[in-house]
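So you can see what is in the structure, the chains are spelled out below.
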Amino acid sequence: MTNEELKTRILELAPDAMVTDGKQYLEAVIPAGVLHRVATALRDDPDTAFDYLFCLSGVDFPEYIMVYYHLESYRHKHVVVLKVKTDGRDKPKLDTVADIWPTAGFHEREVYDMFGVTFNGHPDMRRLILDEGWKYPLLKDYADESRIVER
Amino acid sequence: MAEPDKIKTEEFLINMGPQHPSTHGVLRLLVTLQGEVVRNVEPHIGYIHSGIEKMCEALGYHQIVHLTDRMDYLSAHMNNEAVCLCVENALGVEVPDRVKYIRTIFSELQRLASHELWWCVMGMDMGALTTFFYGLRDREKILDIFEETCGARMTLNYSVPGGVMFDIHPNFRKRVKDFIKYFRKKLPEYDQLLTGNVIFQERTKGIGLLSLEDAIAYGVTGPSGRASGFACDVRKHHPYSAYPFVQFNEALDTAGDTFARYRVRITEMWESMSVIEQLIDNIPEGDYAVKMKGVIKLPEGEYYQRVETARGELGVMIVSDGKKNPYRVKFRSPGFSNLSALNHITKGWKIADLVAIMSTLDLVIPDIDR
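Read top to bottom, the protein sequences are chains A and B.
Here my numbering is used: the first residue of the first sequence is 1, the next is one more, and so on.
Here my numbering is used: the first residue of the second sequence is 1, the next is one more, and so on.
You can trust all of the hints, since none of them are fake.
25 angstroms max Cα-Cα, derived SDA-like pairs, lysine to any residue:
id	chain 1	residue 1	chain 2	residue 2
1	A	23	B	296
2	A	140	B	50
3	A	140	B	297
4	B	8	B	40
Here chain A is said to cover these stretches of chain B; the calculated rule only asks that three of the stretch's residues, wherever they fall, bring their Cβ under 8 angstroms from a Cβ of chain A:
id	segment
5	44 to 55
6	300 to 306
7	312 to 321
8	329 to 339
Simulated from the structure, these hints should not be mistaken for laboratory data.
Here the structure is a predicted model, which means the values were calculated and not measured.
Ideal placement from N, C-alpha and C gives every residue a C-beta, glycine not left out.
Required output: the full structure, derived from the provided sequences and hints.
This is the structure:
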């Protein structure tokens, strides 16, 4: 599918989405509520067939945390980036996509570990890299007091 | 005496690692066993987490490059190159052809060195110590070539935004050609050493199956994914540097077992040598770098670069807010996704197979922890 067709398809699935042609890939900001439904539809529809989630990352913005889903279709070779904003930065929650793309299981745990975003319905929502009790280090307001040296 | 199938067994947990020779680094696997059969594998990572992504947020783009070769230290050059390409594409800088050729030759030499190390350690995991000596001996020859040109053996830091740090050494071409000539003779011998071994075949053929659908769903890339028929070679499908100028085959297999993952890497070594041979005599004259500003500022936006390392697809995402430091850098490391499939692949096989499967996934732990 071309980017135009993909754009129409995503807008059909989520009328509130903001779809733009990014610098490299087609980018779609979709509401958190429809993430799971849109993601399932994008994978299962033979025309889109986004079966390969090649990157899942979080970015901390002043008002919210944005989670990026880089998707590629193995059959059609087209790429789309789904972006989902969390509702604020205090104990943010999103729906999991680990049941759609199993690789997301690990990636979502990493996002939880680094940003504190909990994923509803994740089979194993624990810290992955750091110990329990750490703050969330990739947040912009994270400060590791033990390592700050006063001059 | 009770009949064997009536003996009651219980599942038990065993820790494999964090200090275990066959986890190739500081990785802990919590294995649930029933007798010898693996029921569940739970990887615990983070022992050498170094917070590279956080550090990047406080550094300039020239400096970030020097952190990346500490991730996957066996694909150091590819990691450097990935960041450089991302920065160059964001700025719209076109590097000279000479740079592209040099970078590609270095990438392929690095891939050879990495696969050699993988081959020798794989032998060792299976109890064949001979391979370990052969592999390390030949890998040393490649590291010497690196050292002569850029001063470093493993963490190269040779690629910088805009080009490479120095021009190639006058001996470079001759030494690379000598090495390829030497290694073309040696590789069939090495291949035969393991491939022709009955014990090795028995332990790898039909073991640890990963289907194409699962390889895609778990994001298993690189030789491990291609052994399941997943045509995911970034060099082929999203070419960068000098890969559009060369002819090579994507090493693919459909069996998806441990043996296929082994075969694919051996084939890749042949392909790497062929790529180097196509480029080495044709390195164009010209500058080895374009002049870049001392402080690089990327325009606001998001940039993504995909590169094929020896382990699979490395992704670099830079989010820039226009300042001299990136707002966020994300490394999508191949090992991280490959490890996520370990439990799925290993379930139901014996614990000895777990060692072989781990070996062919070719995990490098700093790459996973970052």
